Amino acid sequence: MIIQVENPVVEVHDLTVSYDKKPVLWNIDFSIGQGQVIGIIGPNGAGKSTLLKSVMGLIDPQSGYVKIFDKGLDDVRGRVSYVPQRESVDWDFPANVMDVVLMGRYKRSGLFGRFNQDDKRIAQESLKKVGMQGFSKRQISQLSGGQQQRVFLARALAQQTDLYLMDEPFAGVDASTEESILQLLMEMAGQGKTILVVHHDLQTAFKYFDWMVMLNTRLIASGPAKDLLNEEIIQETYGGKLPLLSALGNLLKQKDLPIRE
Amino acid sequence: MLQTFLDFFSFSDANVLYVVVGTVLIGMSTAVVGCFSVLRKRSLIGDAIAHAVLPGICIAFILFDTKNPLVLLSGAFVTGWLSIVVIDFIVERSRIKSDAAIGLTLSVFFGVGMLLLTYIQHSGNAAQSGLDRFLFGKAAAIVGQDLKVFAGMSILLLLTVLLFFREFRFIAFDPDFADSIGLPSKRYEILLSSITVLAITVGIQAVGVVLIAALLITPAVAARFWTDDLKVMVVLAAIIGALSNIGGAFISYVAPSMPTGPWIIVFMLFLALLSILFAPKKGLVFKRLRQRNNFKKILEENVLKLMYQLDEQDNGFDKYRPITELMAKRDMGEKMMLNALSRLKKKDLVEEKNQAWLLSKEGLSEGKRMVRLHRLWEVYLTEYLRLPSDHVHETAEAMEHVITPELEKELEVLLNHPEYDPHQSKIPYAD
Chain A
1 MIIQVENPVV EVHDLTVSYD KKPVLWNIDF SIGQGQVIGI IGPNGAGKST
51 LLKSVMGLID PQSGYVKIFD KGLDDVRGRV SYVPQRESVD WDFPANVMDV
101 VLMGRYKRSG LFGRFNQDDK RIAQESLKKV GMQGFSKRQI SQLSGGQQQR
151 VFLARALAQQ TDLYLMDEPF AGVDASTEES ILQLLMEMAG QGKTILVVHH
201 DLQTAFKYFD WMVMLNTRLI ASGPAKDLLN EEIIQETYGG KLPLLSALGN
251 LLKQKDLPIR E
Chain B
1 MLQTFLDFFS FSDANVLYVV VGTVLIGMST AVVGCFSVLR KRSLIGDAIA
51 HAVLPGICIA FILFDTKNPL VLLSGAFVTG WLSIVVIDFI VERSRIKSDA
101 AIGLTLSVFF GVGMLLLTYI QHSGNAAQSG LDRFLFGKAA AIVGQDLKVF
151 AGMSILLLLT VLLFFREFRF IAFDPDFADS IGLPSKRYEI LLSSITVLAI
201 TVGIQAVGVV LIAALLITPA VAARFWTDDL KVMVVLAAII GALSNIGGAF
251 ISYVAPSMPT GPWIIVFMLF LALLSILFAP KKGLVFKRLR QRNNFKKILE
301 ENVLKLMYQL DEQDNGFDKY RPITELMAKR DMGEKMMLNA LSRLKKKDLV
351 EEKNQAWLLS KEGLSEGKRM VRLHRLWEVY LTEYLRLPSD HVHETAEAME
401 HVITPELEKE LEVLLNHPEY DPHQSKIPYA D
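Chains as they are written, first to last, in our numbering: chain A, 1 to 261; chain B, 1 to 431.
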């Protein structure tokens with residue numbers, strides 16, 4: 001079941017992405033609407049993070065395109081923020097919490113300019129929203145996993161955008177933090193923000209998300225969460241890859257053949 | 001010796017001044033650039049670049065038949081950059097991992113460089129003498145025009161880092177996020193790689209190809225021990241780089257036959273060793289001291305606790321007890337206990353009369369606190385970890401020294417102020 005929406009915030013059109021010649025996403029095509037918390041769900045290796053990175057323009061697709069607010073990414077970059085996976089950075093880096101959150105204010109403070117009072121105030125407010133007020137001077141190496149995740153969220157909040165792309169924001173986070181992060185996301189959705197969340201836990205997915213995109217290297221379903229809660233769709237998503245698709249993918253890599261003529 | 005020292009550092013010889021200023025600038029710039037190499041986990045690539053500049057220098061010399069530093073530096077810059085491209089290409093396009101790619105590139109480029117150098121040396125070209133300086137470096141021998149060029153380059157490097165500090169920090173920490181906000185991170189990475197190649201090329205003048213990696217990495221590593229602030233780290237690295245180079249130049253001045261490069265590295269390692277040992281918080285000596293202090297604190301708290309327990313048994317809190325009585329209760333060396341007691345006396349936690357000991361008012365409340373924490377923790381373990389009551393004592397012995405007043409309050413509320421511990425001993429609360 002793939003439901004396309006009117007006036008989508010994100011439109012992914014026939015997107016195919018490869019790593020080292022081998023496709024990890026096959027012809028993904030879906031659209032999502034405004035003001036929702038949307039889950040990208042699928043097993044390990046389903047291409048969830050790859051999809052998010054492609055939307056964010058960090059990976060070039062082999063074919064297809066992504067439109068955000070009906071425009072190319074470069075025209076709307078100021079309206080999109082990205083929360084990378086927590087493990088993607090070195091938390092021993094010499095920096096404190098404020099340094100990291102202020103990165104979210106970078107663009108608006110000019111090339112050579114310093115961060116101004118407004119930037120600092122917004123950064124503080126963002127920390128408060130994720131329950132990390134009072135941590136601004138703390139070394140990032142001293143944070144727990146959940147705190148690191150919240151610092152990343154605060155950095156995205158400091159960007160004050162309309163669309164948020166979050167890669168596994170609940171990974172390595174304790175239950176109460178997960179609860180409070182979710183609360184925050186729902187609040188933001190209530191204010192018309194759109195939040196796209198990569199999530200691997202099927203148990204909680206149906207509880208958390210308004211809309212879900214089910215993925216396993218190919219698109220299985222995209223629609224309201226309540227409509228996707230059926231045995232067949234879940235089985236298809238988590239029941240393994242399609243053998244033929246995998247075989248072709250491997251051939252493309254081994255024989256060095258192009259995926260598009 | 002002292003006279004030589006004074007001669008050197010008074011800079012009465014203008015030549016000495018030039019050499020010092022030049023080497024200091026070189027040391028600072030390589031150290032500052034090195035901070036980013038280390039933080040981006042690309043230190044080893046620096047070593048590969050260092051070896052890869054040799055063929056560039058040789059080719060530039062063969063093509064233009066000159067030792068003009070700008071010409072040679074350009075050659076070095078080109079092959080240095082080429083090595084980065086080759087390494088990245090190998091890693092991206094093959095199954096070879098980065099360590100093997102670096103080793104491969106390093107040795108191939110260096111091999112070609114040695115080949116060319118040998119060819120030049122046997123070509124009978126009289127101008128070639130001194131080219132081998134690039135192999136081993138000789139800080140004190142950089143003079144005149146060369147010095148100006150290298151000093152200028154160093155200043156350029158330092159200014160570049162100053163100007164783009166925020167951007168460099170940004171892409172060193174989180175390049176994906178930098179990309180996501182539209183920062184042209186590829187461009188800054190290229191800039192960072194370029195200044196790394198340049199810093200290495202310049203640094204080779206001081207210490208040579210083989211030792212340059214140390215000039216790049218050591219100051220950054222040493223500086224990291226002292227601080228968690230990148231700005232401070234960069235400044236400290238620059239100071240360490242500068243000091244080491246002054247040291248090397250000084251040795252060169254005193255004993256011209258001594259190799260400058262290795263001496264610079266020796267000074268640098270000495271400063272790094274100092275950092276590893278004596279830096280606050282992260283230094284080994286500091287850690288050892290902290291452990292010692294913890295040991296003392298635990299010992300003192302144990303003595304207070306045991307004196308309180310004895311008082312509690314007797315239900316009397318005014319009895320001076322001789323050391324033998326204390327020793328009977330807890331097995332620890334007599335000397336150790338006497339030391340602890342005398343330290344406690346200095347803190348006014350115990351009073352002494354005729355070699356017998358009594359808790360002061362503060363000591364009593366501290367001993368009481370220890371007993372309370374111990375018993376509260378035992379209750380916590382039985383209730384929250386479902387441990388049987390004969391399994392809780394050992395852990396509580398350690399945790400009573402760890403629990404802070406804030407955690408104690410939390411614990412009391414959580415357990416709802418229990419009256420007894422799992423062994424039916426009364427928990428003594430503060431009055």
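Just so you know, the hints here were simulated from the structure itself, not pulled from any lab data.
Careful, some of the hints might be misleading.
Using 30 Å as the maximum straight-line C-alpha spacing, the simulated DSS-like pairs for lysine-lysine come out as follows [to be verified]:
(1) LYS129/A - LYS409/B
(2) LYS361/B - LYS128/A
(3) LYS282/B - LYS361/B
Each pair of labels, with its calculated beta carbon distance range [stated by the list, open to error]:
(4) PHE136/B - TYR65/A: 51 to 61 Å
(5) LEU414/B - LEU202/A: 29 to 39 Å
(6) LYS282/B - ASP29/A: 36 to 46 Å
Only a predicted model underlies this, so the values are computations on that prediction, with no experimental measurement involved.
Think of the CB as a built atom: it goes at the ideal place given N, C-alpha and C, for glycine as much as any other residue.
Hint-by-hint comparison with the structure:
With a C-alpha separation of about 27 Å, the suggested pair LYS129/A and LYS409/B falls inside the 30 Å cut-off, and the hint holds. With a CA separation close to 43 Å, the supplied pair LYS361/B and LYS128/A exceeds the 30 Å bound. Only pairs whose Cα atoms come within 30 Å are accepted, and LYS282/B paired with LYS361/B is rejected, the gap being roughly 38 Å. In this structure the hint that PHE136/B and TYR65/A lie 51 to 61 Å apart at CB holds, the actual value being about 56 Å.
Checked against the hint of 29 to 39 Å, the pair LEU414/B and LEU202/A passes, with Cβ atoms roughly 34 Å apart. Between LYS282/B and ASP29/A the Cβ separation comes to about 52 Å, which falls outside the hinted range of 36 to 46 Å.
Going through the hint list in order, the structure does not satisfy hints 2, 3, 6.
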